[in-house]
Every structure is written in structure tokens, then in C-alpha cells.
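Asker: Line by line, the protein sequences are chains G and X. Here the first sequence is numbered in my numbering, starting from 1 and rising by one per residue. Here the second sequence is numbered in my numbering, starting from 1 and rising by one per residue.
FYI, nobody ran anything at the bench for these hints, they're computed from the structure. Check before you lean on any hint, since a few could be wrong.
When chains are identical, the list treats them as one kind, so a pair holds in a single copy or across two.
Unchecked claim - Here are the computed lysine to aspartate or glutamate pairs in the EDC-like style, where the Cα-Cα straight-line distance is at most 20 Å:
1) Lys92 <-> Glu38
2) Lys242 <-> Glu305
3) Lys92 <-> Glu41
4) Lys227 <-> Glu305
5) Lys223 <-> Glu41
6) Lys271 <-> Glu316
7) Lys271 <-> Glu41
8) Lys271 <-> Glu421
9) Lys273 <-> Asp232
10) Lys312 <-> Glu195
Note that the structure is a prediction, hence the values are computed from the model and not measured.
2 protein chains.
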Amino acid sequence: MEEYMVPHLATTLTGPLNELEQHILDSTPAVERWFRLEWMEHTPTLYSAVVLRNSGFKVGPMYVSLFPDCWQLLSPDVTQLCVQAAMAAIEKICPEAQNLLIIPDDRLEEPSYLANLQSLRKIFRLVGLNVRFASIHPEFSQTRQYALPDGADITVEPLLRDNNRVGLPHFSPCAVLLNNPLSNGIPGILEDLFEQYILPPPHAGVTMGTPSLHARCYEELCKRFGKFLGIDPWLISPLYSKCEKVDLFTPAGKQALAASVDALLAKIRRKYKEYRITDTPVVSVRLDTDPLYGVLVLSSGSELETAMAQAKPPPEGSLSLVLQEGVHSCESIDDMDATPVVYTIDRYVVGGYYRTGKVELNAPITLNADSAASFYPLVFDASVHQTPGSGKKPAAAAPNRFYMYGVIARLSMLAASYALEATDPQNEPL
Amino acid sequence: MEEYMVPHLATTLTGPLNELEQHILDSTPAVERWFRLEWMEHTPTLYSAVVLRNSGFKVGPMYVSLFPDCWQLLSPDVTQLCVQAAMAAIEKICPEAQNLLIIPDDRLEEPSYLANLQSLRKIFRLVGLNVRFASIHPEFSQTRQYALPDGADITVEPLLRDNNRVGLPHFSPCAVLLNNPLSNGIPGILEDLFEQYILPPPHAGVTMGTPSLHARCYEELCKRFGKFLGIDPWLISPLYSKCEKVDLFTPAGKQALAASVDALLAKIRRKYKEYRITDTPVVSVRLDTDPLYGVLVLSSGSELETAMAQAKPPPEGSLSLVLQEGVHSCESIDDMDATPVVYTIDRYVVGGYYRTGKVELNAPITLNADSAASFYPLVFDASVHQTPGSGKKPAAAAPNRFYMYGVIARLSMLAASYALEATDPQNEPL
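Use the sequences and the hints to build the structure in full.
Answerer: Spelled out as C-alpha cells, the structure:
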């Protein structure tokens with residue numbers, strides 16, 4: 001299994017983050033119980049992938065997918081962990097379930113996406129479910145088989161709606177797994193399905209498409225978690241702010257945004273000073289309605305004009321913008337930036353990988369890798385440094401951040417659960 | 001991780017068992033759902049270890065421990081699986097739990113037993129519980145520290161009772177984990193503890209000390225499971241019978257036992273004939289009240305007199321005996337018999353190992369190894385042959401019985417749950 005070891009991972013942590021990690025490791029029983037109590041009140045999302053960035057002095061979640069793909073990048077060593085976690089989830093949601101329908105997104109011609117579907121099929125088959133795939137693309141009208149490199153294939157059929165249920169011929173699933181973010185909104189065929197479990201709920205796409213909502217839930221959670229553990233929440237939570245109703249085609253709009261950027265930078269500078277960090281703080285600016293539209297990265301409000309001139313023009317009219325503290329990456333593999341991605345199923349961290357390739361603060365983050373990137377599965381290492389043992393010095397050991405990363409990924413996934421509750425159309429409006 | 005691979009495992013399976021395994025692998029979703037539905041009605045034991053034997057034409061559980069030790073023999077690669085399964089268990093039993101008290105047995109001077117306690121402490125600490133150890137030995141009156149080879153230690157304190165609860169000074173556990181089979185009956189200090197969860201329930205020692213009860217529950221389960229899958233339950237279930245109220249110091253008693261032995265042998269011979277098995281069938285005879293007292297192995301009722309003369313004399317008076325079909329071992333590692341041992345936590349198979357050393361049909365089975373035995377952790381192999389994939393031919397692949405063994409271990413653990421329900425003093429008598 002040598003091939004799954006992380007080669008030459010280099011991470012330089014500075015004082016406060018080292019202390020934070022040591023504190024989290026020493027407090028494992030309390031941390032785990034804290035999460036256990038949270039899950040008595042809140043429902044974990046069926047699955048998630050969280051992209052983290054570790055700047056050496058702070059760690060933060062940069063992107064959370066509630067429709068994660070790239071499952072094929074996890075080490076085969078963690079398949080059984082995935083299966084066990086998914087069993088626990090299904091047992092709670094629909095213990096009698098026999099069939100699971102997976103709704104893929106539209107990248108059915110991409111071999112890596114098909115490999116992802118194959119991994120999901122394997123996991124849920126081992127959970128004890130018959131798995132089939134159905135497309136919701138309006139032009140997908142005929143069953144198609146997609147060949148996989150190992151000789152197996154993936155059959156995708158057009159989704160059928162019959163009164164209050166969706167399914168396939170002779171296949172009525174108890175649960176429907178969305179592997180599709182529904183970026184264009186919830187399609188009619190998936191509306192008002194009260195007899196079946198849609199996982200995650202269809203409104204998750206819109207909820208997660210509003211980054212300020214997740215940022216707010218995450219910030220609140222980190223405050224509580226930080227108070228509980230006696231740590232500064234800033235070490236795990238990027239600062240953010242909102243700038244609403246601005247028209248970037250007007251001088252007043254630009255001025256308002258530049259002022260917001262400078263206000264957030266001032267806050268960041270205060271924290272940098274507190275921890276004697278000499279880096280130049282930056283702020284990213286995105287649309288709160290469409291975070292993938294584009295990103296501006298600024299180290300001063302005065303840079304706005306120049307940055308806008310070099311970027312894709314913003315949409316016209318009144319915009320809602322979200323500003324976030326930029327977190328650089330200090331981890332590298334073979335001299336390339338290495339970004340950890342952590343996967344969860346139900347309340348459990350089940351695996352992850354390092355993605356290498358230059359971290360560009362001004363590029364939208366997704367799970368999709370450009371072709372140049374490599375992936376190194378994160379394995380639950382057999383060494384004592386992997387699963388935390390009290391009294392060990394993790395900093396002195398081989399670099400292994402997995403437990404701390406798992407905690408932050410779970411905080412991030414929990415924040416997504418809060419955001420889903422706050423936006424659930426079946427709940428009373430807040 | 002090379003050191004955990006099983007070296008030179010040689011297993012020769014014959015036709016029907018090969019077919020059975022293939023059938024189980026092909027039916028994974030149905031098998032897993034079958035278990036899921038069982039667990040809707042029955043409660044899994046918190047943990048178990050099941051010793052299996054595979055004769056090449058049939059597999060059967062030989063021994064089930066509901067107070068398993070030897071956790072240190074599992075591969076470190078499965079620690080996270082153990083933690084996750086134990087998290088799922090604690091979440092259902094006592095989600096608010098902060099403290100876990102482990103009651104060890106009396107082998108506190110044995111380094112291997114201490115290593116077992118260390119492994120349990122590690123697992124439950126990662127679950128999110130503060131773990132301490134308390135002895136119930138009547139002469140254990142002072143706190144003692146036991147050093148471990150890695151420099152850590154295990155502190156064992158005398159158990160305290162305070163009204164309706166047990167605990168330690170400043171430590172009131174929500175759950176008490178028995179790692180002690182309570183062979184001398186339930187001690188007074190553990191009686192009537194209705195405010196705390198005792199895991200497994202204290203009557204488990206007596207229940208599992210009556211092998212015919214587990215054999216009956218297991219046989220019934222295998223019949224149902226066999227019918228469900230369309231397989232002959234005999235392939236996974238040793239035949240057994242009871243011989244009650246016999247005094248082996250009287251000719252009539254010996255005659256009755258010899259006749260029972262011959263009757264069971266006749267049944268086994270019929271099955272051997274059906275499957276064209278040319279081995280000589282044998283029957284083991286044990287006390288149904290004290291299975292560890294000793295074992296007689298007979299290939300004919302006429303051998304009883306001679307066998308008794310060579311064995312430890314039976315207790316006097318009227319005895320209750322359990323007769324069971326002997327299952328030889330056909331698996332070997334480095335030319336030594338290899339016996340698989342499978343561990344479960346909650347409803348999940350979490351790991352196991354092969355124990356090598358001569359299989360003696362006439363020796364009582366426990367988890368304890370004699371000093372000559374070696375252990376080879378069973379790893380959830382990364383290969384496709386490990387976790388079953390449909391359409392693969394497991395017989396053609398590297399020998400890997402782990403999924404089938406996991407199914408049989410779970411049937412066996414489920415049978416223990418049935419037996420515990422049938423003997424629960426809080427239930428109405430049957």
C-alpha cells in the first residue's frame with residue numbers, strides 16, 4: 001500500500017496553530033462528545049467534501065460540497081469506513097430501504113466522473129442497496145451505457161415521475177441520492193416528493209450557493225466551539241463580511257465595496273498583529289448569489305479599480321457580495337501547493353486526499369481538478385501519530401494533520417446542516 | 001503495512017462451499033438488508049469475537065465471546081473502523097455519555113491482557129469518552145498501576161457502589177463495559193444497576209455459558225437465512241443435540257449418551273453422503289452448564305468408555321450435555337492450522353485475525369492463545385477481492401474469505417442477541 005503514502009508532504013506550522021492542534025488532540029474525548037451532542041439536535045448531511053486550506057498559522061474550510069464527486073480518489077483502504085458510515089446513515093433514515101437511485105450531474109462523458117459514480121455504487125451496494133442511476137437532464141431521453149476502464153459499465157436511465165414518486169421502470173427507490181448540485185434550481189420532476197427521501201434535500205443547492213449563509217453558520221459554530229475548548233476561533237475560521245445592494249458600475253458602489261474591503265482588512269491586520277504574522281492580508285470578493293462567477297483578490301480597497309479592469313465584468317445592477325479573508329496554503333508536496341480535501345458520510349470523517357497544484361486565491365474552488373493536478377489519498381495511518389494519542393507531540397512526528405482536519409471538516413459540515421435548517425422550505429421562515 | 005498481510009494462507013474449498021461463498025457475494029445487497037431488518041427488531045451486543053472454523057466444505061462458529069479480549073491483535077489499520085462502530089453504538093445507547101468504566105477480568109498481570117485494555121481505552125477515548133478501569137475482584141482493594149511496554153500505564157481501581165450506581169471517586173460513568181465474563185455469576189456489586197448501562201448485560205455470562213441455547217438460536221437463524229438465500233443451512237451451521245439428565249457414572253447414563261452420539265453421527269453421515277464428503281464425522285460432547293470443563297471427541301458411541309478413561313472424570317450426578325458436529329480446519333498458514341477470529345462492534349464487522357496453531361477438537365475454545373500460537377491480522381484488503389464486487393470469482397482470487405466470515409460472525413452474534421433476549425431477567429419468562 002506504499003503508493004498511498006503522502007510523498008514529501010511539507011507543512012510548516014507556527015506557534016498558535018501547533019498549540020491549537022495539540023489542544024484539539026489532547027481534548028479528543030471532549031471534542032467527540034461535543035459533536036455527539038450537536039448531532040442530537042441537528043441532522044448531518046448524508047455526505048460532504050470539504051476543501052481546507054492551511055496557511056501555517058490558521059486553517060479554514062474554503063469550499064463545502066454537499067453533492068461531492070471524486071469518491072474514486074479516496075484510498076480503497078477506506079471503502080469499509082465509507083460503507084459502515086453509510087450503513088449508519090441508512091439505518092436512521094430509511095432502514096427498510098431496498099433501492100437507491102443516484103442522480104448524477106451532466107458530466108457523463110468524463111471518465112473521472114464515471115469512476116466517481118462507480119465508487120458510489122460500490123459503497124451503497126455494500127450497504128445493502130440496489131443502486132441505479134437516473135438523469136434529470138431534460139434532453140436525456142434514452143437509456144445509455146457508459147463503459148468503465150475495468151470492463152464494467154454504468155447504465156443511466158431517464159428519470160420517471162409517477163404521481164408523488166420518482167423512479168425507473170420496476171424500480172421504486174426509498175431514497176434518492178443527489179450527486180448533482182441542481183445549479184439551475186430544483187427541477188419540476190424533483191419537487192414535492194414527500195414520499196421519498198431526497199439526500200441531501202433539493203434546496204441544498206441554493207443554500208450552498210449563498211456562501212455568506214454558510215460563513216455565518218460556520219462563524220457562530222466556531223465561536224461556540226472555541227469557547228468550549230478555550231481557543232481563539234479565528235485560528236479555524238476566516239473572517240468575512242457582506243456588502244449588499246452595490247452596483248459596481250457606479251462610483252458609489254465601488255466606493256462602498258472598497259470601504260468594506262478596507263474594513264475587513266483592518267480586522268485581519270489586528271489579528272495578524274496579535275499573532276505577529278508578517279504576511280500581507282488579502283480579501284476575496286465573490287457574488288453571494290453565484291460564488292463560481294469569479295473572484296477578486298485585494299490587499300487594499302484602492303486596488304479595486306485595477307482588479308476589476310483585469311477581471312470578467314460583474315453583472316449589472318444591484319449586487320450582493322461576500323468578502324472573505326484569504327487563506328494561503330503552506331502545505332506542499334514535491335514543491336507544489338497541497339490542499340487537503342476531507343470527505344464525510346453521515347457524522348463520520350471517512351477519508352480524504354491531498355490535491356496538488358498551484359493554489360490561486362482568485363480562482364473559484366470546486367472539487368474538479370484541472371488536468372495538471374495530482375491526488376494523494378490521505379490514509380488513516382497505522383502509526384500512533386494518526387489517531388491521536390494523548391501526550392504525543394504531533395509536531396515532532398511525521399506531519400499528520402488528519403484529526404484536526406477532520407474536526408474542521410465536521411464543523412464545516414455541521415454549519416451546512418445549520419444552513420439547511422435555516423433555509424428548509426418546510427420550516428417556518430426565520 | 002506489509003507485515004499485516006497474511007503469509008501463505010492456504011485454503012482448499014470444495015464445491016458446495018465455493019458456491020455458497022459466491023452466492024453470498026453475489027447477494028450482498030440482499031444479505032446486508034436482511035441484517036438491517038433484523039437489527040430493527042433486535043439489539044446487537046456491544047462487542048463480540050467469533051472463532052470460526054472452515055473445513056473446506058462447511059464453515060461454522062465454534063465460540064462466541066461477548067466479553068472479547070485480544071483487541072491488540074487487530075491491525076492498527078482497523079482502529080478507525082472500531083471507533084466509528086463504537087460511536088454508532090454509544091450514540092444509540094447513551095448519546096450524552098461522558099465517562100466509560102471498563103471492568104477487566106483478573107488477568108491484570110498478563111502483558112497481553114493489559115495490551116488488550118490499552119486498545120479498548122484507545123478506541124473509546126476516540127469515541128469521545130473518558131475511560132477508567134475498575135476491578136470487581138473481592139480482594140482488589142487498592143488502586144494499582146500496571147506499566148505497559150510503550151511507557152504508558154493502566155490504572156485499575158477498586159469498584160465502588162453508591163446506592164444504585166457504581167463508579168470511582170469523582171467518576172460516575174453512564175456506561176459500564178464488561179471485559180469480564182463473570183464466570184462465577186453476577187457479583188452483588190453489579191446487581192440491580194438500573195440507572196447505568198451495563199454492556200453487555202451481566203446475565204450474558206450465564207447465557208453464553210449454556211452452549212445449547214446459542215446453538216439453538218444460531219440453528220434457527222441459519223434456517224431462516226438459508227431459506228432466504230436459497231442455501232443449505234448445514235453449510236454454515238454445525239448439527240447439535242442435547243442429552244439431558246444423564247449420570248455418566250451409571251451404565252444407563254453412558255448408554256444414553258452413546259446412543260445420542262450415534263444418532264447425531266447418523267445425521268452427519270447423511271449430510272456427508274449428500275455432499276460426497278469422505279471425511280470421518282466426529283461429535284464433541286461438552287457440559288451444557290460449563291463448556292470449558294472439558295471436551296470428549298467421538299467418532300462412534302462405542303468409543304465413549306475409552307475416551308472417558310483418558311479424560312478428566314465428569315462431575316458426579318445428573319448432567320446436561322451438549323453434542324455438536326465437529327468441524328475440522330482446512331486453512332493453514334506456514335503449514336499450521338489457521339483459525340479465523342472475527343470481531344464485531346455494534347452491528348458492524350470491524351476486523352479480525354488468523355490464529356495459528358494446531359486445532360485440537362478436544363480442547364475447549366477460548367480467545368486466549370497458548371504461547372506457541374501466532375496471530376496474523378486480517379486486513380480489509382484494498383484489492384477488489386476483499387470487499388465483494390459482483391461478478392468476481394473469489395475462488396480464483398487470492399484466498400479471501402473475509403466477507404463470508406463476516407456474515408457468519410454476524411449471524412453468530414445475532415444468535416447471541418436472541419439468546420440474551422430469551423434469558424433477560426427483566427423479560428417475562430418464555
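Asker: Against this structure, judge whether each hint is valid.
Answerer: Consistency of the hints with the structure:
no.: 1; hint: Lys92 <-> Glu38; verdict: both (16 Å within a copy, 14 Å between copies)
no.: 2; hint: Lys242 <-> Glu305; verdict: within (19 Å within a copy, 90 Å between copies)
no.: 3; hint: Lys92 <-> Glu41; verdict: both (14 Å within a copy, 14 Å between copies)
no.: 4; hint: Lys227 <-> Glu305; verdict: neither (40 Å within a copy, 75 Å between copies)
no.: 5; hint: Lys223 <-> Glu41; verdict: within (18 Å within a copy, 41 Å between copies)
no.: 6; hint: Lys271 <-> Glu316; verdict: neither (35 Å within a copy, 82 Å between copies)
no.: 7; hint: Lys271 <-> Glu41; verdict: neither (33 Å within a copy, 55 Å between copies)
no.: 8; hint: Lys271 <-> Glu421; verdict: neither (32 Å within a copy, 59 Å between copies)
no.: 9; hint: Lys273 <-> Asp232; verdict: within (14 Å within a copy, 74 Å between copies)
no.: 10; hint: Lys312 <-> Glu195; verdict: neither (44 Å within a copy, 65 Å between copies)
Figure legend: structure checked against the earlier numbered hints; hints not met, in rising order: 4, 6, 7, 8 and 10.
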